[in-house]
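Peer 1: So you can see what is in the structure, the chains are spelled out below.
Number of protein chains: 2
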Amino acid sequence: MAHIGARRFIIKNDALSGLQFKINKTDGRARCGALTTNHGTIDTPAFMPVGTAATVKAMTPEAVGETGAQIILGNTYHLMLRPTAERISNFGGLHKFMNWSRPILTDSGGYQIMSLSKLTKVEEQGVTFRSHIDGSSHQITPERAVQIQKLLGADISMVLDECTSYPAANQEAKESMLLSMRWAERCKKIYEQRAGYGLFGIVQGGIFPEIREQSARALTDIGFDGYAIGGLAVGEGQKLMLQTIESTEQHLPTERPRYLMGVGKPEDIVESVRRGIDMFDCVLPTRSGRTDQAFTRRGALNLRNARHKDDPRPLDPDCSCYTCCNYSRGYVHHLVIAKEILAAILLTWHNLHYYQELMAAMRKAITNGTFKKFHTLFSAEQSAGDIEMFSR
Amino acid sequence: MAHIGARRFIIKNDALSGLQFKINKTDGRARCGALTTNHGTIDTPAFMPVGTAATVKAMTPEAVGETGAQIILGNTYHLMLRPTAERISNFGGLHKFMNWSRPILTDSGGYQIMSLSKLTKVEEQGVTFRSHIDGSSHQITPERAVQIQKLLGADISMVLDECTSYPAANQEAKESMLLSMRWAERCKKIYEQRAGYGLFGIVQGGIFPEIREQSARALTDIGFDGYAIGGLAVGEGQKLMLQTIESTEQHLPTERPRYLMGVGKPEDIVESVRRGIDMFDCVLPTRSGRTDQAFTRRGALNLRNARHKDDPRPLDPDCSCYTCCNYSRGYVHHLVIAKEILAAILLTWHNLHYYQELMAAMRKAITNGTFKKFHTLFSAEQSAGDIEMFSR
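Protein chains in written order, with our numbering: chain E, 1 to 392; chain Z, 1 to 392.
With the rest of the complex left out, here is chain E (with noise of 0.2 Å):
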């Protein structure tokens, strides 16, 4: 029984939970095993590509899948206010609505409320903000982020929380997770256990170990399906987030998976599988394509750049991809300049293949016994930079 501040969190650790997790191998802390709901089996560690308006942006359904990923990211902030939970629900859930039939995760709002809305205003019964896209006022409390993401359909819904902002001090971020706690218990308490369906607990805590412990042990004795650590990658930078990520993971139940939220860059999410994390969503890999750049083994490039233009060598010459196995950067860079719409569709396919291919590495080095291996080439080629085209 966790007694945290003034205050005792109530245990309600069911024995079986909704969601099937089972670790098959371990190398270090790294974990690798297999995550099973309502939609299909989830191989971990994952990364959740970001579908937030019920649509991975520029990416058909069938093309997501095609990467490789086994599950993507809902926004509830983005869906409740358009087109609305409710009638999502009316149309048959997300996953008929947007024609993905594979697992679907739904964060609870929490963070895009403090990051787009405005006049948000945080009580202990839940936040009122208004809307960004029409100023229209709104209210969430957890009972009601458990209820969108039921009528969502989601396989995996996310306890809501306050993302403490950084930096911050002790005694605030202390407080901002207390009230987390609060508003998770009270989520646990509303969320209908069903079998396929899971509920995650969010650690907060700012970069304080001892109240991301506490958070973490809270957590654990409400008992969750999962655990995510949230909070991060706000501005700390890595070296504080990878150690925010070693002092809460020791206190994680090993046997539920760990998602560490809206992380990132290839590096940091290596650095995280090292670490024990089993799942990551991020807006990157789709962001940057929209935005010219690609991920490849050696670093990331920018296809407006002239240095391109005659290039008849494919994004990632060890990439499988859609785009790397039928175009040439002297394609795609043309694309690009000439604002060309496949130009987001052609860098968004090969960057969430990329980021699949890295999680299926990571996998396979795990369930080998080669993770150390595995860390050190992937650091090497990262740091070594594209090869020019003229270079011998």
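Derived from the structure by calculation, the hints contain no laboratory data. Treat the numbers as computed from the prediction; the structure is a model and nothing was measured. One should not assume that every hint holds.
Copies of one chain are not kept apart here, so a pair can be met inside one copy or by any two copies together.
[Stated by the list, open to error] With a cut-off of at most 27 Å between alpha-carbon atoms, the simulated BS3-like pairs for lysine-lysine come out as follows: (1) Lys150 to Lys339; (2) Lys309 to Lys150; (3) Lys372 to Lys25; (4) Lys96 to Lys339.
Here the structure of chain E is known, so what remains is to put chain Z in place on it, guided by the hints.
Peer 2: Chain Z in isolation, oriented as in the chain E frame:
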């Protein structure tokens, strides 16, 4: 031998064309046939999606192929400016550059030079103009137009012509037509005939039947692999356009394909097929796809309209396209409102498929000798309008 003005046109009507064209069936003046090029056979009447800058906007080439398209059009004007014909040639030609393995027809640039570029100067030698992209100065001659299209690797090349503006006085239309005929002759002289490749002439002459006739006769005497009708759909209206098609078509060789350039709306295409046209191109289905419009058997829809918000039906219940098989009007409306790239993808996909299904239906009707019945049904459905969601 054609005598026009004070001038004779050379007769160079080679017995063997580089392009095999077989008319399988006629029904009234409507024709159903097959045109064979180096990159495959095109069933006619055919609609060619426009791939201006080496991409059919918002579509992968595989998606274009899935709509049923057997040939696409590329724009010489755009490609010569960016990325340049020489660069595309170095990449192995337009087919390889853009990953499209079926036939490509390229226009000669004449129309776009008149409509897009600045400070255009038309002389006997050719056209001098400034790029709409960066203001740089360029010249295109009939010889250069043929050369560019060869560098691109076009299966079907078009002669350089002056697109007579509308309205034009008789004398102006005649002089402009004569210039186009002299240019056509120069194109034919420089063009190297190769099996599977062809050069089309372009009839000009404004809305004047006698000038159109003179133009058609001059081109026939010079001898081309196919005959296009240019200078229409420039503001003259459907009635004058159809009259001009009629007064032109009767003077074109029956055994060669006829291509109506830049046309058009579904009803324009149906009326033109009825008058003996075999090939079409138009930006309408692709441009409409990026501006929220869907073509259906019961007329056009604006997906921005709030009446689609809760509509679970596909865009067109009789359509078998990717969009109609997988998505609701409500979802497409949501994507449009949320300004998602997928809106352009799904609407373009549907519109191109609609056009291809329309062409296939006409080919079938001509083959079965039921074109008149098809025409009646098509017109009745189009004018009936959309069925409202809650109507009985």
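Peer 1: For every hint, state whether the structure bears it out.
Peer 2: Hint-by-hint comparison with the structure:
1. Lys150 to Lys339: between (39 Å within a copy, 26 Å between copies)
2. Lys309 to Lys150: between (49 Å within a copy, 21 Å between copies)
3. Lys372 to Lys25: within (14 Å within a copy, 70 Å between copies)
4. Lys96 to Lys339: So Lys96 and Lys339 pass the 27 Å test across copies only (20 Å; inside, 32 Å).
Figure legend: structure checked against the earlier numbered hints; every hint is met.
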